[in-house]
Each structure stands twice: as structure tokens, then as C-alpha cells.
Amino acid sequence: GESVGLHLPTLSVQEGDNSIINCAYSNSASDYFIWYKQESGKGPQFIIDIRSNMDKRQGQRVTVLLNKTVKHLSLQIAATQPGDSAVYFCAEKRRNTPLVFGKGTRLSVIA
Amino acid sequence: EAGVTQSPTHLIKTRGQQATLRCSPISGHTSVYWYQQALGLGLQFLLWYDEGEERNRGNFPPRFSGRQFPNYSSELNVNALELEDSALYLCASSARGGLGGNEQYFGPGTRLTVT
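Chains A and B are the protein sequences, given in the same order. Position 16, counted from 1, in the first sequence is what the numbering used here calls 16; the numbers after and before it change by one each time, with no gaps. Position 74, counted from 1, in the second sequence is what the numbering used here calls 74; the numbers after and before it change by one each time, with no gaps.
Just so you know, not all the hints are guaranteed correct.
[As the list claims (entries may be wrong)] With a Cα cut of at most 30 Å, we get these calculated DSBU-like pairs of lysine-lysine:
| # | chain 1 | residue 1 | chain 2 | residue 2 |
| --- | --- | --- | --- | --- |
| 1 | B | Lys13 | A | Lys103 |
| 2 | A | Lys56 | A | Lys71 |
| 3 | A | Lys42 | A | Lys103 |
| 4 | A | Lys68 | A | Lys103 |
| 5 | A | Lys71 | A | Lys103 |
| 6 | A | Lys68 | B | Lys13 |
Just so you know, the hints here were simulated from the structure itself, not pulled from any lab data.
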């Protein structure tokens, strides 16, 4: 079936290091991908998105890479800070369908 | 600008009862989405409303229902509550439904506990 999943359920990084969170998707018809950050007790917060006609998009300290050949999505966080500690979800979307979320990766930043 | 708001924050019900959860979207947003997030799991899509109409429904039984009002706010109703319905229920809104590229903004959620 169609699915969006994550390679690593937990990730621990040292403060100041770069973080890379990975996500695999199975539906090649997906044309839009989003990364969300969810802190404890809060709803998911939009981080960055990318359309399928792009392979890279940069934001403030974050970069999303899309590899359509292997159906892989990654979120890179530069100079990881304690405030980056959260659960990160990738989500995929096809036209006229709702978002499909992966299970999430917990990022722990070690001070 | 106010974000997506949900009420109540917490809701405790007993098995067999009915629960009503409410959501107010960001001003100007016409689409509202409901998700269930069980403890330690990802978000499972429940319902999508746009312009007052139900546009899509996730793989949930009919006792999960909802509606969208003319002011675009929405209710999620869960009838005949079961213990496994205990979860965080998240509402999100977007400017236009059904089109790729529309950011969904989430509310803080309603924590439903069924005892």
C-alpha cells in the first residue's frame, strides 16, 4: 500500500552539529512534501515544503532534499540548537487528497 | 493574526458516551482537517471539510463524524466512545482545500481520554 515512513525513529545530536532526518515515501504520484515539527504538548508546526519539480529547497537553518529516483526526502538542520528538540514528521500530498503523515522521528539535542 | 484554536483542551469521557470537539480556523481559511494522534504514533487523517462540504474521509468508522459551519468553524463528533479513541485530536486549516502546496496550520489539539 501507499505509505510514508521514516528510517530512524530517534536521533540524538550534539548542540551545534548538523542534523539529518530521513523519510521514505512509496507513491511516485505525490507532488508535494512537507516537514512538520511537533513539540511536546503542541500541534505540528510547518517547517518547510517542497514540490516534486524541485530537488532542494532552503529555509532558515533548514534544507529539504528530495530524491524522486529513490523516493527519499530528508530534512537537514544546521547548527542544531536545544530548541530544535522535537518530533519531526514528513508528509506527502497528491492533488485533491489529504496529507499522509509518517510516524515521526524524535530529535534530541545534547547540550 | 490568531492561529487555529481548539476546544476543549482536555476532555474526559466514559466508554459509550459521545464527545464533541470544536475547531476555529485561521481567518480567511476555508478548509478544515481533523487528525487523530494516538500516543507515540503519527497523525491519522480523519476528515476534511471545505466550504461546508465533506471532501474526504479517512479510514475511520461512521461513529466519527463532523460538520463545518458557515463561518468555517468545525465540529468533530465521536459517538459510542471506545477506550482506543483516547488520543490527541488535531485540527488544521488551510487557505484552499484540494490543491497541492497549501500549508496546513495546526491547532494545539484536544486531548480526549476515554475511561
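How the hints compare with the structure:
no.	hint	verdict
1	B/Lys13 to A/Lys103	27 Å, holds
2	A/Lys56 to A/Lys71	14 Å, holds
3	A/Lys42 to A/Lys103	16 Å, holds
4	A/Lys68 to A/Lys103	20 Å, holds
5	A/Lys71 to A/Lys103	17 Å, holds
6	A/Lys68 to B/Lys13	45 Å, violated
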